[in-house]
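Asks: Generate coordinates for the entire structure from the input sequences, incorporating the hints supplied.
Here are the chains, one letter per residue:
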Amino acid sequence: MLKKSTLLLLALLLVSSVFVPTMFAEEPIRISVLNYFDLTSPGAERELNEVWYEFSVRNPHIIVEREDLFLEPFHQKTEAYAAADRLPDVIYMWPGGRSTSLHTLGLVKDLRPLLGEDAKYYKEAVLAPQAGGFLAELPQTMTSSHALYVNMALLDSLGLAMPETYEDLVAMVPVLKANGLDTILMGAQDDWVIQSCLFSMIVGRLVGDEKLNQILAGEAKFTDPEFVGALEFYAKMYEDGVLNRKIMQTSYAEVNGLFATGRAPFLVDGDWKTSNFLTDQTTGEALIPVDKQHEFKMTIFPAIPGEINKASSSGVVGVGFGMNAKIEAGSAKEAAAWELIKWLQGPEVQKMRLETAGTIPSRVDVTSDNIEPLVVERIRYYEDIMVTTEVLDNIFVGEVYTPINIGLQEIGLGFATPMEVAERTQEAFDAWFARQ
Amino acid sequence: MKRVAHWWTEERRAYLLLVLPAVAVYWAVMAFPTIFSFVLSLTNYNGGAIFNNPNIELVGFKHYLRMFNDRYFWISLKNNGLIMAVSVFGQIPLGFLFAYVIHRKLVKFGDFFQTIIYLPCVISTIIVGRLWQSFFSPYGPFTEFMQKLQPGWENELFFDPQLAILPVLFVILWMYTGTYMIIFLANLQKIDPALIEAARIDGATEWQVLVRIMLPALSGVIVTACILAISGSLKSFDLLYAMTGGNPARRTSVLALYMYDTAFRHSPNYPLANAISVVMVLLSFAIILMVRFTEAKFGGRE
Chain A
1 MLKKSTLLLL
11 ALLLVSSVFV
21 PTMFAEEPIR
31 ISVLNYFDLT
41 SPGAERELNE
51 VWYEFSVRNP
61 HIIVEREDLF
71 LEPFHQKTEA
81 YAAADRLPDV
91 IYMWPGGRST
101 SLHTLGLVKD
111 LRPLLGEDAK
121 YYKEAVLAPQ
131 AGGFLAELPQ
141 TMTSSHALYV
151 NMALLDSLGL
161 AMPETYEDLV
171 AMVPVLKANG
181 LDTILMGAQD
191 DWVIQSCLFS
201 MIVGRLVGDE
211 KLNQILAGEA
221 KFTDPEFVGA
231 LEFYAKMYED
241 GVLNRKIMQT
251 SYAEVNGLFA
261 TGRAPFLVDG
271 DWKTSNFLTD
281 QTTGEALIPV
291 DKQHEFKMTI
301 FPAIPGEINK
311 ASSSGVVGVG
321 FGMNAKIEAG
331 SAKEAAAWEL
341 IKWLQGPEVQ
351 KMRLETAGTI
361 PSRVDVTSDN
371 IEPLVVERIR
381 YYEDIMVTTE
391 VLDNIFVGEV
401 YTPINIGLQE
411 IGLGFATPME
421 VAERTQEAFD
431 AWFARQ
Chain B
1001 MKRVAHWWTE
1011 ERRAYLLLVL
1021 PAVAVYWAVM
1031 AFPTIFSFVL
1041 SLTNYNGGAI
1051 FNNPNIELVG
1061 FKHYLRMFND
1071 RYFWISLKNN
1081 GLIMAVSVFG
1091 QIPLGFLFAY
1101 VIHRKLVKFG
1111 DFFQTIIYLP
1121 CVISTIIVGR
1131 LWQSFFSPYG
1141 PFTEFMQKLQ
1151 PGWENELFFD
1161 PQLAILPVLF
1171 VILWMYTGTY
1181 MIIFLANLQK
1191 IDPALIEAAR
1201 IDGATEWQVL
1211 VRIMLPALSG
1221 VIVTACILAI
1231 SGSLKSFDLL
1241 YAMTGGNPAR
1251 RTSVLALYMY
1261 DTAFRHSPNY
1271 PLANAISVVM
1281 VLLSFAIILM
1291 VRFTEAKFGG
1301 RE
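Chains A and B, in that order, are what the protein sequence lines are.
All residue numbers for the first sequence refer to our numbering, where the first residue is 1 and numbers rise by one.
All residue numbers for the second sequence refer to our numbering, where the first residue is 1001 and numbers rise by one.
It is possible that some hints are incorrect.
In silico DSBU-like cross-links for lysine-lysine, where the CA-CA straight-line distance does not exceed 35 Å [claimed, not checked]: (1) B/K1148 to A/K177; (2) B/K1078 to A/K221; (3) A/K236 to A/K211; (4) A/K4 to A/K310; (5) A/K236 to B/K1108.
Just a sample of chain A residues kept apart from chain B, beta carbon distances all over 12 Å, derived [to be verified]: (6) E72; (7) K77; (8) A434.
Think of the hints as simulated: they come from the structure by calculation, not from any bench.
Yeah, the Cβ is synthetic: ideal placement off N, Cα and C, and Gly gets one too.
Replies: Quick look at the structure:
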């Protein structure tokens, strides 16, 4: 029979085995994250498991409090957080555009000092200064905001060849119309789509970045012949039947199915659209099945009369995650937030994004054998681009590009002339410029 | 001291106990934000700390002037007016008609029709918006149906600034008529059937019963329905957001969407957005006062 003192000792040992480790355990660090996430995307399940769950397994001392939002609700919440000065610790961001205020108001940190030696793992171009003049977010990819998706099988069935010039494209219109087809599809009900995915490319070809920078510096105007000429070319696309006004009544999601089912041989969108056609890992379904993907090609818009930049497309470094500027430098919280950002752009995550969404890695050490033909095509598509020019909503603030966004729809509907839109844009620019 | 004790009666304490929580909640979530919104609309506040912020200045009615000079404000206001017209002169009369027909058993299967008419109200507005957007799409069932009737027909409903709002108005009528039908049906059931029976025995026609008994008895309900319709019309947002997003070219925008665009899209302008919300509140008050005045002057007595 054990003595009372032995029993007491055993009891003490038992209790201490439970409490002592927790007394000395590291206090977990909580990191709030505002994440941009489409739960309906084909790669959603893999992202949840392989990105977020895996991070929590590897970093038990960091508790991630994640808020997932998509499209407008995401931007609305970001603006609300920024206005209330209560940004989360880690935030999904664009290099400009809708995230411009985060950059220019200095609400997020410059990540370059934190990146240090790890910069060697990233393509040089993706680490260029962003809208605020510093590396506010670590990009996960390069993005081309313009791509011409081509249904080659449909073109072949009609005896048509890939258009080399704009005139070739115009010549196709009657043939396509006779077959009850549109020429180019766009999901342009939201007003950013035409500006970002088509008009920025046209401006790049006909106006060029040099002129845009002169406008930005107040040394040139939107009403100058070059910019008005770009608007006039865009207006001509409707007159020639290359664009149909129906694009402004077609939602951004609806156009995916329309293109996949052959309602037109061409689709204009950003290169990110590829992910909507890939196989959903949870259901095995795809809008464009793997065995049909070789029938689709990605390229850039044909040559435009009078273009000064040939074979150009508009593009930006891609989205990524930034860190709240209020986190104390050198703190444990900063280390935890940086651990998360590094992980989110790490080789495992970028590989997963390449496989599920065809996202071109920003790192130099990522590749995969497990990718669908359309992703291979997306990688190849970059070989077609000779020059990358600016996306308008990446270099101008919302106050300036909003009249362009609305004006492009108004031109298409015949409510405004190119000169009227140029004048309104210049007016908005002047008001903004005067305050700088 | 005696005066205080005299004032602090049990009845008054009970009164305050019952009223104060409601007043506090009303002040916190309704009155204070409205007044605060008005104050912000007179400043240059555009984010960051609100209190003790040295950069915030009073700028007067500058944002109101800018709003009144913006053509998208007037487009939005016009669309709100159209929605209000459809609500007051479409949903309420139709709702009453359906309620009357069902209540007076002028059709068979009244319960079935009641369910069918009310059904859209229980579906999420966002889903309804998406469904109708697909329906009216240039590649949707509506276009295909019209093309069967008229080969070569092009769906250009949204391209004429005068017509662009029509599909939205149709959906609003379809979606909310059931709410008013239920309100009228509930109140029709409160009218003493003996009154109607007596009128019929005295030789009154169905029309006379409707005009002389039913409508006067329901005039208070009609005013309530009008107030609901007007306030609902002025805050219209979700259906339009899901169905058109205010496009093309903001031609289907309404004040709430215009305010949302100003506050949260592209280049946030909070003072201007606050000015828009203040105008919406004032409009709401003005129109409701007009309805109350009309009811007081021409309405019947229950």
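Asks: Take the hints in turn and mark each one as holding or not.
Replies: Structure-based check of each hint:
1. B/K1148 to A/K177: Between B/K1148 and A/K177 the Cα gap is close to 18 Å, so the pair holds against 35 Å.
2. B/K1078 to A/K221: Since the Cα atoms of B/K1078 and A/K221 sit roughly 34 Å apart, the hinted pair holds (cutoff 35 Å).
3. A/K236 to A/K211: Answer holds: A/K236 to A/K211 is near 22 Å, not above 35 Å.
4. A/K4 to A/K310: 92 Å, violated
5. A/K236 to B/K1108: This hinted pair is violated, its Cα atoms lying about 59 Å apart.
6. E72: At roughly 7 Å from the nearest Cβ of chain B, A/E72 sits no farther out than 12 Å, so the non-interface label is violated.
7. K77: 9 Å, violated
8. A434: 14 Å, holds
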